[in-house]
Amino acid sequence: MEEFLNKLPTSVSKTELLRILQEFQDKYGYLDNDFIHELSKKIGIQPGKIFGIASFYSQFRFKPSGKYIVNLCSGVACHINSSENLINVFTKLTGLKDGETSADGKITLELVPCLGGCANSPVVKVNDKYYTKVTKADLLKIIQELK
Amino acid sequence: MTLKDITYNYLFKSTELFELNKLNRDVNLDIPVVFAFRSTCSIIAGIDDTISYIEKYINENSINIKIVETSCPGLCSFDPVIGVKIPGRTLILLKNLYYYEVFSVFDSILNHFLPDTKFLLAQIYDQKYNSWPEVPDFFSLKQVKIQKRNILEPIKTYSPISITDYFAKNGFKGFAKVLTKLTPSEVCSIIENSELKGRGGGGFFTGKKWRKALENNNNPKYFICNADESDPGSVAGRILIETDPFKLIEGMLIGAYAINASKAIIYVRNTYKLAIERLKKAIEQTKSAGLSGDDIFGSGINLSIEIVTGPVAYVCGEETALISSLEGSRGMPKPKPPYPSDKGFLEKPTIVNNVETIFNIPSIILYGAESFKQTGIKESFGTKLFTISGKVDYPGVYEIELGTSIADVLSAVCDDESVNSIKAVHIGGPSGGFIHPDKFYEKLVFNDSKNKSNDIWFGAGSFVVLNKSNCIVDVCKYFLDFDVNESCGKCIPCREGTRVLYDILKRISERPPTNSKHETLQRFKGVTQLEEIAVVMQETSLCGLGQNAPITIITGLKYFRDEFEEHIYEKKCDAGVCRDLKLYNINIDNCVGCGLCVKRCPADAIIGSLHTAHFIVQERCIKCGNCFKACKFNAVNII
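Chain order of the listed sequences is A and B. Letter 29 of the first sequence, counting from 1, is numbered 29 in the working numbering, and no numbers are missing. Letter 25 of the second sequence, counting from 1, is numbered 25 in the working numbering, and no numbers are missing.
Bear in mind the hints are in silico, worked out from the structure with no lab data behind them. Just so you know, these numbers come straight off a predicted model, no measurement behind them. One should not assume that every hint holds.
[To be verified] Just a sample of chain A residues kept apart from chain B, beta carbon distances all over 10 Å, derived:
#1 Leu8
#2 Ser11
#3 Glu16
#4 Asp32
#5 Ser65
#6 Glu100
#7 Thr101
#8 Gly105
#9 Asp138
[To be verified] On the chain B side, residues computed to face chain A include the following (Cβ under 8 Å):
#10 Ile296
#11 Glu327
#12 Val475
Using N, Cα and C, we set each Cβ at its ideal position, and we do this for glycine too.
Please build the complete structure, drawing on both the sequences and the hints.
This is how it looks when you write it as structure tokens:
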């Protein structure tokens, strides 16, 4: 983390803030509390302000994510092809709600507004692998594989 | 010759067509060529596996085949689409070619035999080559015929990330014309004359906006492309960028020139990985071709293009919110006026245009405003991209000429049987509304909020078809849930209004815990409140999100009032979607205790030992209906 902070130029304008946060998250997976404090000292914006800005956007995470990030698409095309059932089943089976990570650190559930595979809805994405036209039975299989 | 010299010769010296890279060079090769139509939707459908199997096939059989990666034709139901061109024959398009079918299909096609008919999509007729028997022409497909592809090509047989390939399609000629022959004011006039309207949902005249920014002398100015497309169900902007990143760049260069801006910024949604990747490559090539940077080809004009990736927030599609986000703050909208064209990014005059709007610019400049006005109808010229999804047989991204009726579109994207079962169409995503089948004769045109001619609101162009298995209340609830999550919270009508509307809908789509009079009254009062709140929100919200959020409810109540009433009075959802209205229980008399339902229940909600009557624990039941389907003795009842 120190390395990352040292690389930053000495004076950072506010327009660069989101880019820095994105870069940090790409590298470390989430925005660490200590990082936000250190960054705040460096660029002179209150930590609460940085947190407030970051929490506005759904991209930023404040807790480490699990090994597998499961994206259930809740876009409109998936919704009318009953993606809500999948979400319910997933939540019942793993006990995870949107944005939560399982206790063993394996699975993170993130609902996304649209993955863009509307023709093959409902779509589920696990890390970089896509599953299309997912049924409840498929979802059970996916979850078993992850466990 | 460097790329810069090639560009200079092509743009400013030779009057001939660009010969260096003839478009058909791949089609004319004397070895077989495989075209992989690769974009995000086909990646989801599995085209990457298909490509790697094709490579494997080539290696194993050691044949000389060229693979060209291009972008998809927008017909998502046929993904993955692979084009094969063998010498002497026309280009044939294969649909739904999954990796496990590659070997057998290629075995036959490379030996001039047609594969199984389930893979045959179409061929592109060309008199020079022998056509394949009994394969339809691509341009005779009804899904292609309904479209008028002006800003997208019908089918792209060259790389989207090669600037020289773009030259061969008259690329950057519009920008060259602007640089050498037109003043910024003249460029604005051409766009004003074309009556081009913003494609992002606002429908404001692009030319007028540019003129305002041009007349403001506060420098520097900024030209921003809004590629933060977050409407659920709309992927048009992404397809455009993936297919033709150079066209976006050319449009932006022209726009920046027209308002005397020296910096153009593309604000693109962070999740569009492939689009960003292609855009970055395209920007790099534009720079090395000398078309962006300082003093472009000695004209004294400096223009730089930069990509900013947006960290995903729906409200950032609103121009003032987008600007706030670029400035590094929470992406919240600001009251207008002042409009961004007066005071925008860093308090300087700024133009924010949608991707699709910018895509229209190069050809308007090159061929003139009048040629643009040949398509579409009065007050709605040109074409519009619609992302058609839902209960249709051929979903995809369709470029439709404005003025086409909804019925015509539907008959092209559905088979005949499914057209009749359509219950409604929802156009425009969270800021749009329902269209009833009685109104399908209506034409797709821009709708002015003051001069409302019909109920059609394009929004970002999502077009969702619903049939009998969808519940209108549920769809309303879905969009409001989305609005509740995405409302930035700045103004009260939107923040509280969406929440209250959602709560009312939630209440009527759930079974009341008791049958008390108070409960019934609350459910009943809901509908009258819905309309009241919707009107207040429309009139008092700060930005488009809050103003347009209630349109779904208003049109829903207008056309499908009976469905709302059914939920309230009869506590019934005909479509069977509102599960919480349902209650499953087991009739003890019929239950033989076979245990089948226990096995099928994903939530472990059914208890009871073998050969004794079972019982459903309501708290655990997720109302999936598996037990109802599984029971062979009609012991599971739905109340």
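Structure-based check of all given hints:
{"no.": "1", "hint": "Leu8", "result": "holds (14 Å)"}
{"no.": "2", "hint": "Ser11", "result": "holds (14 Å)"}
{"no.": "3", "hint": "Glu16", "result": "violated (7 Å)"}
{"no.": "4", "hint": "Asp32", "result": "holds (17 Å)"}
{"no.": "5", "hint": "Ser65", "result": "holds (15 Å)"}
{"no.": "6", "hint": "Glu100", "result": "holds (16 Å)"}
{"no.": "7", "hint": "Thr101", "result": "holds (19 Å)"}
{"no.": "8", "hint": "Gly105", "result": "holds (24 Å)"}
{"no.": "9", "hint": "Asp138", "result": "holds (12 Å)"}
{"no.": "10", "hint": "Ile296", "result": "violated (25 Å)"}
{"no.": "11", "hint": "Glu327", "result": "holds (6 Å)"}
{"no.": "12", "hint": "Val475", "result": "holds (7 Å)"}
In summary, the numbered hints that this structure violates are 3, 10.
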